[in-house]
Amino acid sequence: MKTDIIKPYGDTLNDGIVQLSFTLPVENGARAKKAAERYVKKLNFEKVTVVHAKKIADGFTCFMVYASAKPTIDYSKVEAKEAEFEHMDYYKINAMIKESIGRPIIAVGATIGHDAHTVGIDAIMNMKGYNMDYGLERYPEIKAYNLGAQVSCENLIKAAIKYKADVILASQTVTQKESHILNFTELVNQSIIAGIRDEIVLLAGGAKISNEIAIQLGYDAGFGANTVPSQVASFMVTQLIKLMHPTKKQTRDSA
Amino acid sequence: MKTDIIKPYGDTLNDGIVQLSFTLPVENGARAKKAAERYVKKLNFEKVTVVHAKKIADGFTCFMVYASAKPTIDYSKVEAKEAEFEHMDYYKINAMIKESIGRPIIAVGATIGHDAHTVGIDAIMNMKGYNMDYGLERYPEIKAYNLGAQVSCENLIKAAIKYKADVILASQTVTQKESHILNFTELVNQSIIAGIRDEIVLLAGGAKISNEIAIQLGYDAGFGANTVPSQVASFMVTQLIKLMHPTKKQTRDSA
Amino acid sequence: MAHIPLNLKQIKRVKDLAGQITDQVHGFIVEHSSLSVERAILRLYGVDGLADCGAPLPNRVVDIWQSDGNIATGISRPFAGAILASGESPQRTAELIAQGKLLLGDYAGGSQEQIEEKERELSEKAVAILEASKTRKAKKIEKVPLPVQPWRYLIVATGDIYEDRTQAESAVFSGADIIAVIRSTAQSLLDYVPYGPTTEGFGGTYATQANFKIMREALDKASIKHDRYVRLVNYASGLCMAEIAACAAIEDLDVLLNDSMYGILFRDINMQRTFIDQYFSRLICAKAAIIINTGEDNYLTTAHAVDSAHTVTASQLINEAMGKKAKLTDDLLGLGHAFEINPEIENAFLYELAHAQLAKELFPDAPLKYMPPTKHKSTDIFYSHCMDTLFNLASVTTGQGIHLTGILTEALHTPLMQDRYKSISSVNYVFNVARDLGEEIEFKKEGFIVKRAQQVLNETEMLLNEISNVGLMESISQGRFADISRPVDGGKGLDGVFKKGADYSNPVMDILEAVE
Amino acid sequence: MAHIPLNLKQIKRVKDLAGQITDQVHGFIVEHSSLSVERAILRLYGVDGLADCGAPLPNRVVDIWQSDGNIATGISRPFAGAILASGESPQRTAELIAQGKLLLGDYAGGSQEQIEEKERELSEKAVAILEASKTRKAKKIEKVPLPVQPWRYLIVATGDIYEDRTQAESAVFSGADIIAVIRSTAQSLLDYVPYGPTTEGFGGTYATQANFKIMREALDKASIKHDRYVRLVNYASGLCMAEIAACAAIEDLDVLLNDSMYGILFRDINMQRTFIDQYFSRLICAKAAIIINTGEDNYLTTAHAVDSAHTVTASQLINEAMGKKAKLTDDLLGLGHAFEINPEIENAFLYELAHAQLAKELFPDAPLKYMPPTKHKSTDIFYSHCMDTLFNLASVTTGQGIHLTGILTEALHTPLMQDRYKSISSVNYVFNVARDLGEEIEFKKEGFIVKRAQQVLNETEMLLNEISNVGLMESISQGRFADISRPVDGGKGLDGVFKKGADYSNPVMDILEAVE
Ligand code: B12
Ligand code: B12
Ligand SMILES: Cc1ncc(COP(=O)(O)O)c(C=O)c1O
Ligand SMILES: Cc1ncc(COP(=O)(O)O)c(C=O)c1O
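Heads up: the sequence lines are chains A, B, C and D, in that order.
At position 54 of the first sequence (counting the first as 1) the number is 54 in the numbering used here, and the numbers step up by one without a gap.
At position 72 of the second sequence (counting the first as 1) the number is 72 in the numbering used here, and the numbers step up by one without a gap.
At position 282 of the third sequence (counting the first as 1) the number is 282 in the numbering used here, and the numbers step up by one without a gap.
At position 322 of the fourth sequence (counting the first as 1) the number is 322 in the numbering used here, and the numbers step up by one without a gap.
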């Protein structure tokens, strides 16, 4: 395999230049600056310049630093785990559902836990949609139920069962103290307990959610900032077809 | 010796949080973000979040990252090499020169090489001074000759000999491609060739100059951003006394 | 100050409309009370701490009375009776009640008059507590003066009150005039006020009386050190509005987030409950000289900041009218609004100026609370920093009162110490270099800014007309604010609402209402 | 546009004064020429490349003629004679001269009339080159239109023209309308124009014709890709003003830093030399439609930006008058000024607005070049970013023409790719959200801004009066600008100045001067 060794770029290839800013719990002064410099060296940098140091509280100093990073990375070895699916448009998605599933998809979504942020899940589900891209409610071939925010995992699963959902969409915005991880995990567990995990497409989303983390937590996919509804709908239908036609899925995979 | 192990501080002691920003020579996309994340991990960070990734040219992406740095540093082991002298005021300095040297000090200064930045050396030497602190020209006990900018090292040394200077002040602002190092080194060499190095106090200054680097280059001291003239004058007289009264110096050192 | 000439008659019309709307709701409010109101009375009577079961004592006592089916009387009378019966302090009496050692509703301890006398005594003391807080604050401000407006408001939100304190000290060091301790996520949905110093919140720190005290003490020190009085803010809106107001007053807080509709819209708290609670909590604030901050800024995080600008203005007018009903004077009305227009809209800054100036024209004497961009903040922290810089300019130019400092990492995380420093540096810079810009410019007559302000005012008038026709509760259930609709009987906390009986008594409220 | 009402009579007075000052200097200029002017003629006649000794051919040829003691005739006549003698192209002829194979001053190749005819032919071709450049640019602008003002100007300065190209492409990607390749430190002191593509400059990249070509080609591609015409800037001021103007015209540059006094003040270049050179170089620019940019912004890096504001205005007026003398039309007069007031001064932003608007009032049709804060930029890059954000606002509000993008790392290093992106994001943001702010506000009559502008204008008038009394050269030697004084006979390059002999000829200048 071909390698592709790279480094940060300032104004000359591979100069490694990085801007850093951080606070150390020390009083400002020559020693503080020295400590900042040494610390950044420990982070595998050379040519470290502490360009700014400012006292921001008794015993705390904020530093700004430019430095040249030493490591390189082989870009050819970097793989990303994006949800794999063809991004289709509104019309194609509806057509595909009609053709391959033969009935409207049912989707239930909510912001779980104590999280009150609805703007994200609304962007995906409400008619209006996001960034000129219609929301799921608008799709004739999708029946979308948006339960809003602060919904307990239990209630979301109950609703999914009640509506015979094909897809569950869970949103989390607050990530402080890993609360999103706790809530997402809880939802997966509840779906397993309810015995529906294998029958549904389970999606996680939110500003700080990546596909990778969602998959780690047991979801089919995760969607982060700037997702548009048609991406989600595309994934939903693609995944659902795989779920409903496992053989078809295999042929696809081997193709 | 007591240790004092510290780490960067975000909002919880020792959380290690650092803000970084850099460019990688790759097209933006999921792989690019992954590469940025991995790269920051190589820099000895954990909990790396690539908060922003933006294409800024074909084949270049700018990243913003928050991450938690792993190393610690023992602050008790950090020593800074500031020029050591008592910072005196205008009156005290003049009095001290009168008393301990018995004649006005002669100082010659310039911005050397092709560097055209005079504001810094002017701030130290001109009457007006800097930040409400009088410049050297104002001191009755200092005779200051400011030769301006773009002065060759040779000419500065010649002037120093002509004026029988006690102190030479050299300024450098442009640091691109290490031009300041080249010029400062050249000046030291010229002073040695002229045979005056041991008889004078040799000072370096400029926005990016630290005492440490100046000493490494063979100067008596170096002065960086926000230096005020009275600091320089204080050092000048202190150092000159050491130079003129070597015994006195020893007793001081052993004190 | 750059001025937008508005029709004074129209201003009067919208204020009258807001007054009518308030009057309608007020009719409902005065006939009802809530468990939280009753608990607030107990707190002002001197009841604090936890019962053995772990619930706060005020909750225990009120719950007992409610589960007995007697709540329509309110808690004041039976509690006064219990004190007479026990002969103990309010605190001890409450403990005895909670332990089941003393029965509420046992009026044997004294005559009707004696009980009323006790109630009077308790309530006068209660009101004196509020007055004392006002006096203490006034004295502090004599010693270390208040800074000029806009006041630089910074939040701390670590979840740990001691860590918050460190952050707050840092903020004051860099220039903050007001510190707000952000409340732990969803505390507004707790039907009690947590107790004691706390170190584990989510997205914020629990609002407890002990935490208030810790922070106020730290800020008192900081005020003296930096020679300017630093105000302290916390959050009342939620299921415990009145109780938190009581705790805040006791601990000399300066500002409370206290909106007549926020809980309804953003926390799905029942609207009846909210209207009842806000009234009593604001009476408390008025007496203790606590500035209220309203939450109109939140509307623009769910609704479109241009299309829905008039809902902000309408809500401000309603909050003002409700506030005045609760005796809040202009200087205590920190009505909220925000700089939330999508920066991709051309001339967004002109809209912002128009909206901000409109608020100033309508409420010239109120310390308006101006919220920075949040929804359209980018994860590009440098870009976000620019947005805040223009926000700072809009604020100082239009003479806002309370300036919530925008943070460059808004789209990422609750602020780190370094974030706060960087953000306040921008505020300090802009406020200094453009201090008198507002005095030195005029908005072009017939220009875009003037017309835009007029348009928003016209839309506001139409909306208020509609609301006054159908009533506020019905309007909210139709989703008139923030694109959110809430049914009159839906949401949390309705079970805590009760109709006052003929024998209901709340002498604290009586005194506070009597004030002129 | 927010307007400052100035007395039209006073404006006329200051413009007349600047005209008088220029006329005085012009008397001197027309009697002299310089080696650089002569070399520029050769370049326009088609001489390029290096001599065997490594010096540029134009230098070699002129030096030979000068060392023969004949320079008072100028180079045109003897060179035309040499062409006739050799029968070769100008380039080949120059090579032969440099190799000593052909003698300058040997007029045997033709009669007086034939030589004059040859000169006419050469000079008409020369002027046609300039005209062709103008036409080519106009055509490009027809295809990919010019963006609206203020034009977003970004610098590249890696020292390596190929690296610069990458940086420039990135800048255009993010929104730049103009790219300036910063020149290597002290190139202005070289008495020749380096040759070929270069990769090793200090603090900038050498200005060479080859580098101009490389960058212009890259920008032509970028212009098409991004569908807006991206202008290219380089530096003329220095010892080779006229030659660089010639090279720039040949390569279709759009803008040249070209000041009548910068070299004197900031590079200690002899003032006689500078005045002579700037005149011819500007005649070239005028014909080739190259916008000049003047360097008044530099004054405020050494002098106090408030106290010395009037020196900027005075210098702009002089630069304008000298520019017009050299046939530059208003649309080519990119007069410079800057946002350089110490941010610790209260209301610094109001001063800035006053100064910027004053420039706009005085030169309404000139594409004013507005320089960002530099001297008071902090090493705190976040703080510096805020300063730039307000600068951006001042620029769009007062309708500046060429907006030099302030860089958040100004106090640190020449911009990195990421720095440039962050900085232009701020420009894009501010220009969009405040596009029409200037149209929508007015400066209060009798207010601070208006008074301040008037004060600067008054001080300008006084200064121009003084200068017109003592003469410009004398004034400069008295340190009237930028707190720097330069003696009339001091500085570099005086040895390159000569008095025109009776038989002096420069037919290129004659044609350019004849243009109406
Ligand atoms: C609006 C807002 C609010 C509003 C919410 C109103 C509402 N009804 O939603 C209000 C004012 C109520 C609010 C309150 C709080 N907020 Co808030 N809030 C924001 C804000 C400003 C914008 C969020 C937003 O609407 N973004 C726009 C949407 C469209 O983007 P999105 O959510 O990322 O959604 C997109 C994708 O992620 C994806 N997506 C999202 N969900 C899903 C789900 C699925 C299944 C899929 C497929 C895709 C998907 O699709 C969407 C479209 O692309 C952010 C700051 C910011 N600028 O990001 C803070 C922010 C999110 N809030 C924050 C906090 C801490 C709070 C509070 C906890 C503060 C407090 N202690 O009081 C409270 C309480 C909230 C609670 N209990 O949850 C923090 C979170 C910090 C963290 N990372 O943990 C932030 C980052 C602010 C900050 N810097 O402190 N907030
Ligand atoms: C003003 C200025 C200019 C003016 C200079 C006018 C003049 N006569 O000085 C002009 C416009 C001419 C100029 C030109 C250039 N500049 Co310049 N300039 C600056 C600027 C904006 C301010 C510098 C300044 O005056 N600071 C204020 C003084 C008071 O601070 P100071 O120099 O640090 O001095 C203090 C201390 O350092 C100390 N000190 C300084 N010297 C000495 C000496 C002694 C002995 C002692 C004891 C103390 C001492 O005391 C002083 C008071 O505290 C900086 C950006 C910035 N904001 O820093 C760029 C900057 C320095 N310039 C820069 C460049 C690249 C140039 C050019 C080379 C660009 C070009 N290619 O054309 C040219 C050419 C200059 C040349 N040949 O040297 C770069 C340098 C990058 C680098 N680190 O290498 C900077 C950082 C801008 C940038 N980001 O690109 N510049
Ligand atoms: C008026 C008001 N009250 C309360 C809050 C916060 O309440 P909670 O604790 O529900 O997040 C806000 C939030 O912005 C508010 O604006
Ligand atoms: C008008 C003008 N010319 C030239 C320059 C740069 O010249 P040098 O190459 O001497 O640094 C500047 C710098 O700002 C300038 O303003």
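Worth flagging that the hints you see were computed from the coordinates, not collected in a lab.
For every residue, glycine included, the Cβ atom is placed at its ideal position computed from N, Cα and C.
Treat each hint with caution, since some may be false.
[Unchecked claim] Straight line, CA to CA, 27 Å or less: simulated BS3-like cross-link-like pairs of lysine-lysine: (1) Lys70/A <-> Lys208/B; (2) Lys55/A <-> Lys81/B; (3) Lys98/A <-> Lys143/A.
[As the list claims (entries may be wrong)] Label pairs and their calculated CB-CB ranges: (4) His245/A <-> Lys451/C: 56 to 66 Å; (5) Glu178/A <-> Ile5/B: 19 to 29 Å; (6) Arg13/C <-> Lys158/A: 41 to 51 Å; (7) Ile5/A <-> Lys221/D: 52 to 62 Å; (8) His87/A <-> Leu8/C: 32 to 42 Å.
[Stated by the list, open to error] Examples of chain C residues lying across from chain D (beta carbon under 10 Å, computed): (9) Tyr195; (10) His385; (11) Leu390; (12) Ser425; (13) Leu437.
Hints, verified against the model:
no.: 1; hint: Lys70/A <-> Lys208/B; verdict: 22 Å, holds
no.: 2; hint: Lys55/A <-> Lys81/B; verdict: 20 Å, holds
no.: 3; hint: Lys98/A <-> Lys143/A; verdict: 13 Å, holds
no.: 4; hint: His245/A <-> Lys451/C: 56 to 66 Å; verdict: 60 Å, holds
no.: 5; hint: Glu178/A <-> Ile5/B: 19 to 29 Å; verdict: 25 Å, holds
no.: 6; hint: Arg13/C <-> Lys158/A: 41 to 51 Å; verdict: 49 Å, holds
no.: 7; hint: Ile5/A <-> Lys221/D: 52 to 62 Å; verdict: 28 Å, violated
no.: 8; hint: His87/A <-> Leu8/C: 32 to 42 Å; verdict: 56 Å, violated
no.: 9; hint: Tyr195; verdict: 40 Å, violated
no.: 10; hint: His385; verdict: 6 Å, holds
no.: 11; hint: Leu390; verdict: 7 Å, holds
no.: 12; hint: Ser425; verdict: 5 Å, holds
no.: 13; hint: Leu437; verdict: 6 Å, holds
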